[in-house]
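A.B. asks: Each chain is listed here by its residues.
2 protein chains.
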Amino acid sequence: MQEQFLELDPPERILMGPGPSNVHPRVLKAMSLPVIGHLDPCFIGIMHEVMDLLKSVFQTSNDFTLPISGTGSAGMEASLCNAIEPGDEAVICVNGFFSDRMADIAERCGGRPTIVEGEWGHAIDVNKVESALKQTKAKVVAVVHAETSTGAMNPVKEISELAQKQGALLLVDTVTSLGGMPLKVDEWGIDICYSGTQKCLGCPPGMAPITFSERAMEAVRNRKTKVQSLYLDLGLLDTYWGEKSAYHHTAPISMVYAVREALRLVLEEGLEARFKRHQLNHTALVAGLEAMGLNILPGKDERLWTLNAVVIPEGVDDAKVRNRLLEEYSIEIGGGLGVLKGKLWRVGLMGYTSSRSNVLLFLSALETILCSEGLNIERGAASQAVSAVYG
Amino acid sequence: MQEQFLELDPPERILMGPGPSNVHPRVLKAMSLPVIGHLDPCFIGIMHEVMDLLKSVFQTSNDFTLPISGTGSAGMEASLCNAIEPGDEAVICVNGFFSDRMADIAERCGGRPTIVEGEWGHAIDVNKVESALKQTKAKVVAVVHAETSTGAMNPVKEISELAQKQGALLLVDTVTSLGGMPLKVDEWGIDICYSGTQKCLGCPPGMAPITFSERAMEAVRNRKTKVQSLYLDLGLLDTYWGEKSAYHHTAPISMVYAVREALRLVLEEGLEARFKRHQLNHTALVAGLEAMGLNILPGKDERLWTLNAVVIPEGVDDAKVRNRLLEEYSIEIGGGLGVLKGKLWRVGLMGYTSSRSNVLLFLSALETILCSEGLNIERGAASQAVSAVYG
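As you go down the protein sequences, you meet chains A and B in turn.
When we follow our numbering, the leftmost residue of the first sequence carries the number 24, and every step to the right adds one.
When we follow our numbering, the leftmost residue of the second sequence carries the number 24, and every step to the right adds one.
Here chain A stands alone, though its shape is the one from the complex (with noise of 0.2 Å):
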């Protein structure tokens, strides 16, 4: 048995896919930390500290702000199943991977999904989400910010004002904003709100931060059925993590160490610098691949700055270049999800991941293999590119 399973020894890589991302040395040690009892005062204590630090980086004011038990897409999961009842009627925008997911969750909870389809790689067409939204009592319209599928952001500010032109709650996927592009969540009105810890928080995956606004809770108060998952049930989280600490389950000790370094070192950073860090690195990045020819997806005013999809240039093995960056510079990019598998690689630049190196690294890698790779790219052309960026 010894022999066969011998001590972990995972390579160092450079993590440019789609998540998780580097995470931060600090965080990494915070994970090492002796653990205590879940309901150890001192443990208690942290938590508070967590939903406390979790405000901040939501940058708002809801009581119900935490860390939920599980990764994104339990996260995901969490917010439809306790914002929608058997009957409820949900407009969901419907562009990427990530929210065709959504309108499968609201089904699977009884909801009853319009969907409001749009192109995979582009934004949200508003207009038509206004019409769906006239056309429905929608509780709830669902939108990802930030699809990590297709490299696209969408309007929330503008589906915003129409939810509360329509009096519905606006749902919103952020596991790929949260941390690295700006998000306000009270001012820009959004009453539900989640996010993974592996993106732009850089820390690693397991945990999903939520935030549930005082209107969208007691709608939570007001159902008429119990939320079909216990685990997963808010108004048991809300006294666990709340002033009751009332027994719901054992949180995730290590994983709420690593949160609250990660969240301390988004503060420490602040909020405008990591955006903009986040911002300069996108477009250094950007002007490197389009001076290599390569082409990105979305177009230049819905590109999200934390992950980017490159179009797979003709004639080029996905995989193989994909393999060669993970093997021969333990760099480690994403493929197509869904439809747009074998067309897109995703590049991400999240968190800690989100430096000037990895920019010139990646570029330079990437610019060897398609060169090997029969490519006709003018050597140089991209890391000039990039200077006169970064200047």
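Warning: the hint list may mix true and false statements.
Just so you know, same-sequence chains aren't split out, so a pair can sit in one copy or run between any two.
[As the list claims (entries may be wrong)] Listed next, the in silico EDC-like pairs over lysine to aspartate or glutamate satisfying Cα-Cα at most 16 Å (straight line):
hint: 1; residue 1: Lys157; residue 2: Asp63
hint: 2; residue 1: Lys52; residue 2: Glu401
hint: 3; residue 1: Lys299; residue 2: Asp261
hint: 4; residue 1: Lys366; residue 2: Glu401
hint: 5; residue 1: Lys157; residue 2: Glu350
hint: 6; residue 1: Lys247; residue 2: Glu108
hint: 7; residue 1: Lys267; residue 2: Asp324
hint: 8; residue 1: Lys366; residue 2: Asp341
hint: 9; residue 1: Lys52; residue 2: Glu30
These aren't lab readings, by the way, just hints derived from the structure by calculation.
Just so we're clear, the structure is a prediction, and the values are computed from it rather than from any experiment.
Given the coordinates of chain A, assemble chain B onto it according to the supplied hints.
C.D. replies: Using the frame of chain A, we list chain B on its own:
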């Protein structure tokens, strides 16, 4: 901000509550290893190793054996919501907080539970289970092997025979037994079994080992309705953890590292040796407690080796004693849960915590505190009783 949220510095505790238990240093070290991508070939190899290790610890050859990306409560929910669909009958043995919760979840799944009630702190009456099974067409019989809330063990093997006679699937909660007490999933005819990582496996909380027999998987595949949870949908989890490695969610990488290392430690020690260690330390603890005049709630033959339910002597202030243990000795023990609140201390000896040193220290600390609280305890009697056990 930096002043408000200082660097994390949790105290070193001796975790003798109902969980989490102390984490082995090698497991903490594994958590601080570099995070890699969840679709990295190296990580997929680690996933398959974890599945193999888990099979050994569950003593099963079930293909579907993996850790769910949530805590033990998520394991309970995944087990029930995949096995039970609306209208399904289920016999649920309820003699504690956690089995009571099973009934709640079964209802949330649209199931029709028949409750077999048992006294808290004692094993369930097998005859009652038999007659309940005769009166229903149960698809599932659910029982908690080791009730964390009462310290009592249920007769899983006997219930298994009854379930098999009626063709029902046997679903067993082993949160507080896996890795600490004998449990043979295949030999005992268990179809569905789940656990947690933070008890006898000596790992931080955050994942839920689970296993489904081929018969149980067939029932899942033959469902008429979708599983209500996408996050916990076993069909999807199967293609993610299985040969296809199809994206479902992002596994909590660092927690998977921790689980792997914890399972490696279990098998290095050897299952039988580990069970013996848990039995010996439990026997010594009970001998010491009884020598001090304290009583254990469950009868001699129905006691867990992993969690000891100690009846709080009359006139003693529950919270005060627990606080003094924590503040003066950094020892955590648990209070009672549900109807046993204020009546019980729950003293865990699980995983890395189950050691001779911890038994001695705890008894000595408790003796000192109880004496100073005015209880008439013969000094040294516990120590003498314990020595007789260890020999």
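A.B. asks: Determine for every hint whether it applies to the structure shown.
C.D. replies: Status of each hint after checking the structure:
1. Lys157 - Asp63: Close neither inside one copy (50 Å) nor across copies (45 Å); limit 16 Å.
2. Lys52 - Glu401: neither (43 Å within a copy, 46 Å between copies)
3. Lys299 - Asp261: Intra 34 Å, inter 41 Å, cutoff 16 Å: neither.
4. Lys366 - Glu401: neither (23 Å within a copy, 77 Å between copies)
5. Lys157 - Glu350: Classified as neither; 52 Å inside a copy, 61 Å across copies.
6. Lys247 - Glu108: within (8 Å within a copy, 20 Å between copies)
7. Lys267 - Asp324: neither (46 Å within a copy, 36 Å between copies)
8. Lys366 - Asp341: Within. Shortest intra-copy distance 8 Å satisfies the 16 Å Cα cut-off; inter-copy 64 Å does not.
9. Lys52 - Glu30: between (19 Å within a copy, 11 Å between copies)
Going through the hint list in order, the structure does not satisfy hints 1, 2, 3, 4, 5 and 7.
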